[in-house]
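Residue-level listing of the chains:
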Amino acid sequence: GENVEQHPSTLSVQEGDSAVIKCTYSDSASNYFPWYKQELGKGPQLIIDIRSNVGEKKDQRIAVTLNKTAKHFSLHITETQPEDSAVYFCAASPNPPTNFGNEKLTFGTGTRLTIIP
Amino acid sequence: SQTIHQWPATLVQPVGSPLSLECTVEGTSNPNLYWYRQAAGRGLQLLFYSVGIGQISSEVPQNLSASRPQDRQFILSSKKLLLSDSGFYLCASTGRLSFTDTQYFGPGTRLTVL
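Those protein sequence lines, which keep their order, are chains A and B.
Numbering of the first sequence is given in our numbering, commencing with residue 68 and proceeding in unit increments.
Numbering of the second sequence is given in our numbering, commencing with residue -18 and proceeding in unit increments.
Hints were generated in silico from the structure; no laboratory data involved.
Where a beta carbon is used, it is the ideal one built from N, C-alpha and C, also for glycine.
Among these hints, one or two may not hold up.
As the list claims (entries may be wrong) - Here are a few chain A residues that face chain B, going by a calculated C-beta distance under 8 angstroms:
no., residue
1, Ile115
2, Asp116
3, Ser119
4, Gly122
5, Phe156
As the list claims (entries may be wrong) - Below, simulated DSSO-like cross-link-like pairs (lysine-lysine); rule was C-alpha separation at most 30 angstroms, straight line:
no., chain 1, residue 1, chain 2, residue 2
6, A, Lys135, A, Lys124
7, A, Lys89, A, Lys138
8, A, Lys104, A, Lys89
9, A, Lys104, A, Lys124
10, A, Lys171, B, Lys61
11, B, Lys60, A, Lys171
12, A, Lys125, A, Lys89
13, A, Lys109, B, Lys61
14, A, Lys89, A, Lys135
15, A, Lys104, A, Lys171
16, A, Lys135, A, Lys171
17, A, Lys109, B, Lys60
Please work from the sequences and hints to get the whole structure.
So this is what it looks like as C-alpha cells:
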C-alpha cells in the first residue's frame, strides 16, 4: 500500500519568513495530493490540493509543488503570520475524487508549525 | 458545500462501558463516509469507510464497529471500551456532486477512557 513520509515533524519560523514542509510517497499510482491544516482541538481543514497533471498550484500565500518523478510534494507558506501556527498534514491517494470511486487518503504524520512573533 | 456534524464533542467513559458516536452530513448525497482516530500528537488512522447504506469496510482489526443506517449518517460503536480506545475521533465525507469534490472533516469527538 501507499506510504507517505512527512518532514519535519516540528518547525519554528519567525513571523514574516517562509515555511516549507515536504512529503514523499511510495505508490506511483497516487495522483491526488491534498494538504490539511489542523488547529488545536478541531478537525483538519483542507487548505490546498494538487493533482498529478499539475506541477505547481498557488493560492495567495500558500503554494504546493509536485515532482512525480521523484515522488515528492511540498507545501510552501510565505509571509507567515501567527494564525498559520497549526499542525499540517499531507496526504496521497491513487484515486482522485469521482462520482464512481472510493478514494482513500494515506496521511503523513504531521508537522507542527509554530510562528514566532 | 458540505457540513459534517459530530456528537458528542467530548466524552469520558469508564473501561468496559459501551460507546456510540454519531456523524451526520449535510449538503451532499450518497457520500463516501470515513471514521478516523487520532492519538494525542499523532497522525490520522483510518478505521472504517462506507460507500453506501449498510456497506462498511474495516481498515484495522479492533474493538470498534461502524454502521451506516441512513445515507448521511455514520455511527461508531463499541460494546466494551478499552483504555487504548482513547483518542480524537474524526468523521469525514467525500461528496459525489462533482468531480472536484474532496474529503472534508467534521469537528471531532474527544474520547477519554478511564
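**Q.** Restraint check for Lys89(A) with Lys135(A), where alpha carbons must lie at most 30 angstroms apart
**A.** Given pair Lys89(A), Lys135(A) holds - Cα atoms ~13 angstroms apart, limit 30 angstroms.
Q | Pair hint Lys135(A) and Lys124(A), alpha-carbon separation not exceeding 30 angstroms | A | holds (14 angstroms)
Q) With 8 angstroms as the cut and Cβ atoms as the points, is Phe156(A) at the interface with chain B? A) With a closest approach of 7 angstroms, the Phe156(A) hint holds.
(Q) Holds or violated: Lys89(A) and Lys138(A), Cα atoms, limit 30 angstroms. (A) holds (11 angstroms)
Q.
Asp116(A) was flagged as interface toward chain B. Is the shortest Cβ-Cβ separation under 8 angstroms?
A. holds (6 angstroms)
(Q) Hinted pair, alpha-carbon criterion (30 angstroms max): Lys104(A), Lys89(A). Please report holds or violated. (A) holds (14 angstroms)
Q | Pairwise hint evaluation, Lys61(B) against Lys109(A), where the allowed Cα distance is 30 angstroms at most | A | holds (26 angstroms)
Q) Taking 30 angstroms as the top limit, are the C-alpha atoms of Lys104(A) and Lys124(A) close enough? A) Given that 30 angstroms is the threshold and the Cα spacing comes to 17 angstroms, the pair holds.
Q. Can the restraint linking Lys125(A) and Lys89(A) be considered satisfied, given a maximum Cα separation of 30 angstroms?
A. Given pair Lys125(A), Lys89(A) holds - Cα atoms ~16 angstroms apart, limit 30 angstroms.
Q) Given the proposed pairing of Lys135(A) with Lys171(A), does the C-alpha separation stay at or below 30 angstroms? A) holds (19 angstroms)
Q | Restraint outcome when Ile115(A) is required to lie within 8 angstroms of chain B by C-beta distance | A | Not OK, violated: Ile115(A) not within 8 angstroms of chain B, min 11 angstroms.
Q. Holds or violated: Ser119(A) as interface residue toward chain B, Cβ cutoff 8 angstroms?
A. violated (15 angstroms)
When held up to the earlier numbered hints, the structure conflicts with 1, 3 and 4 and fits the remainder.
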